[in-house]
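Student: Residues per chain, in single letters:
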Amino acid sequence: GAGVSQSPSNKVTEKGKDVELRCDPISGHTALYWYRQSLGQGLEFLIYFQGNSAPDKSGLPSDRFSAERTGGSVSTLTIQRTQQEDSAVYLCASSGNTDTQYFGPGTRLTVL
Amino acid sequence: SQQGEEDPQALSIQEGENATMNCSYKTSINNLQWYRQNSGRGLVHLILIRSNEREKHSGRLRVTLDTSKKSSSLLITASRAADTASYFCATVNSGNTPLVFGKGTRLSVIA
Chain A
1 GAGVSQSPSN KVTEKGKDVE LRCDPISGHT ALYWYRQSLG QGLEFLIYFQ GNSAPDKSGL
61 PSDRFSAERT GGSVSTLTIQ RTQQEDSAVY LCASSGNTDT QYFGPGTRLT VL
Chain B
113 SQQGEEDPQA LSIQEGENAT MNCSYKTSIN NLQWYRQNSG RGLVHLILIR SNEREKHSGR
173 LRVTLDTSKK SSSLLITASR AADTASYFCA TVNSGNTPLV FGKGTRLSVI A
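In order, the protein sequences belong to chains A and B.
Position 10 of the first sequence, counting from 1, maps to 10 under this note's numbering, and the rest follow consecutively.
Position 68 of the second sequence, counting from 1, maps to 180 under this note's numbering, and the rest follow consecutively.
FYI, nobody ran anything at the bench for these hints, they're computed from the structure.
Quick caveat, the model's predicted, so the values are computed rather than measured.
Among the hints, erroneous ones may be present.
To be verified - Some but not every residue of chain B turned toward chain A, in silico, with C-beta under 10 Å:
#1 E118
#2 Y147
#3 H157
#4 L160
#5 V221
#6 A223
Said to hold, decoys possible - Pairs of lysine to aspartate or glutamate residues, derived as EDC-like cross-links and limited to a Cα-Cα distance of at most 20 Å, are as follows:
#7 B/K138 to B/E165
#8 A/K15 to A/E85
#9 B/K138 to B/D178
#10 B/K138 to A/E44
#11 A/K57 to A/E44
#12 A/K17 to A/D63
#13 B/K168 to A/D99
#14 B/K138 to B/E127
#15 B/K181 to B/D195
#16 A/K17 to A/E85
#17 B/K215 to A/E85
#18 B/K215 to A/E44
To be verified - Away from chain B, derived, C-beta distances all over 12 Å, residues of chain A:
#19 T13
#20 R22
#21 S27
#22 L91
#23 R108
All C-beta atoms, glycine included, are put in the ideal place defined by N, C-alpha and C.
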C-alpha cells in the first residue's frame, strides 16, 4: 500500500515569507508526527497528533510554527516569517496500532 | 533534546565485515527502535525491541538491549555496500509517543 507522502519535496523561500508543508499519512493511521532534521543535527520532535486528542505541541521551537490535521488525515505544518535557522529537512511520520513509525521522504526547506 | 548517543559517530568497514553500532539513552523506555537514513531524507524502520526483550534478529540485523545499562547495540552481519547509510536509535517512553533520536552513526561499507 501507499506510504507516507510529503509535499513539496524541496522548498526554497526568502526570509520573512510563510511556508506550508504537507503530509499525507498512511490511511488508517491515527498518530501523526512532525520532526525536523537540521544539517549535522539529529532529529528533533516538533508536534504530535493522536486521534481526536489535542496535539502535543511541546517540540515547536517558536510561535511561528503551527500545524493542523484536518479530518484526522492530512496534516499541514506552517512556518510564518521564516528565518534562515528554519532551514532543515522536515519529516512526517505516522503510526497505527503498533509503536513503529513510518516516515515520509521529507521536505527540504531552504530559507535564503 | 536528544535522548540517545550513538557510538561511533562514523564507521568505515570493508564489504563482508560485520558492523556494530551502539546506543545509550538516559531515561526509562517502553521500546527502542533502529532506523536507517539514506542521503539525509526519509527514515526506514529496521527493528523494534521492547524493554522486556534482550535480543532480536531480523535477517542480517541483530539488536540487543540492556536496560540496566540503558544501552543497545545494532549488529549488521556480512555488510554490503548498500548498507552505507546513517543509522539512528530512537526511544519511546510509552505508547504511541514521539521518538527521541540520537545523532546517528554514519556507516560506510567499502566494496
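Student: State for each hint whether it applies.
Tutor: To see whether the hints hold, each was checked on the structure:
At a threshold of 10 Å, the smallest CB-CB gap from B/E118 to chain A is about 9 Å, leaving the interface hint in force. Using the Cβ-Cβ criterion of 10 Å, the hint placing B/Y147 at the interface with chain A is satisfied: the shortest such distance is roughly 8 Å. Interface restraint check: B/H157 against chain A, minimum CB-CB distance 5 Å, threshold 10 Å, status holds. Given hint, B/L160 at the interface with chain A, holds; its Cβ is 6 Å from that chain's nearest Cβ, closer than 10 Å.
The restraint placing B/V221 at the interface with chain A is violated, with a minimum CB-CB distance near 22 Å, outside the 10 Å limit. Here the hint on B/A223 is broken, as its CB sits about 26 Å from the closest CB of chain A, past 10 Å. For the given pair, B/K138 sits about 18 Å from B/E165 by alpha-carbon distance, which is consistent with the 20 Å threshold. The hinted pair formed by A/K15 and A/E85 meets the criterion: a straight-line CA distance of about 10 Å does not exceed 20 Å.
About 12 Å separates the Cα atoms of B/K138 and B/D178, which keeps this hinted pair within 20 Å; it holds. Between B/K138 and A/E44, the direct Cα distance comes to roughly 16 Å. Compliance with the 20 Å bound is thereby established for this hinted pair. For the suggested pair A/K57 and A/E44, the alpha carbons sit about 12 Å apart, so the restraint of at most 20 Å is met. This hinted pair checks out: A/K17 and A/D63 have alpha carbons roughly 15 Å apart, not beyond 20 Å.
As the CA atoms of B/K168 and A/D99 are separated by approximately 16 Å, the hinted pair is consistent with the 20 Å bound. With a C-alpha separation of about 33 Å, the suggested pair B/K138 and B/E127 falls outside the 20 Å cut-off, and the hint is violated. At roughly 28 Å between alpha-carbon atoms, B/K181 and B/D195 are farther apart than 20 Å, so this suggested pair is violated. Between A/K17 and A/E85 the CA atoms are separated by roughly 13 Å; this keeps the pair inside 20 Å, and the hint holds.
Distance restraint check for B/K215 and A/E85: the Cα-Cα separation of roughly 19 Å lies within the 20 Å cut-off, and the hinted pair is therefore satisfied. The suggested pairing of B/K215 with A/E44 holds, with an alpha-carbon distance near 10 Å, which does not exceed 20 Å. Taking the minimum C-beta to C-beta distance to chain B, about 19 Å, the non-interface status of A/T13 holds against the 12 Å cut. Distance check for A/R22 against chain B: the nearest CB is about 15 Å away, which clears 12 Å, and the non-interface claim stands.
Under the 12 Å C-beta cut-off, the non-interface status given to A/S27 relative to chain B holds; the minimum distance is some 17 Å. The beta carbon of A/L91 sits about 7 Å from the closest Cβ of chain B, which is not more than 12 Å, so the claim that it is off the interface is violated. The non-interface label for A/R108 is inconsistent with chain B: the shortest C-beta to C-beta separation is roughly 8 Å, within 12 Å.
Comparing the model with each numbered hint stated earlier shows that hints 5, 6, 14, 15, 22 and 23 do not hold.
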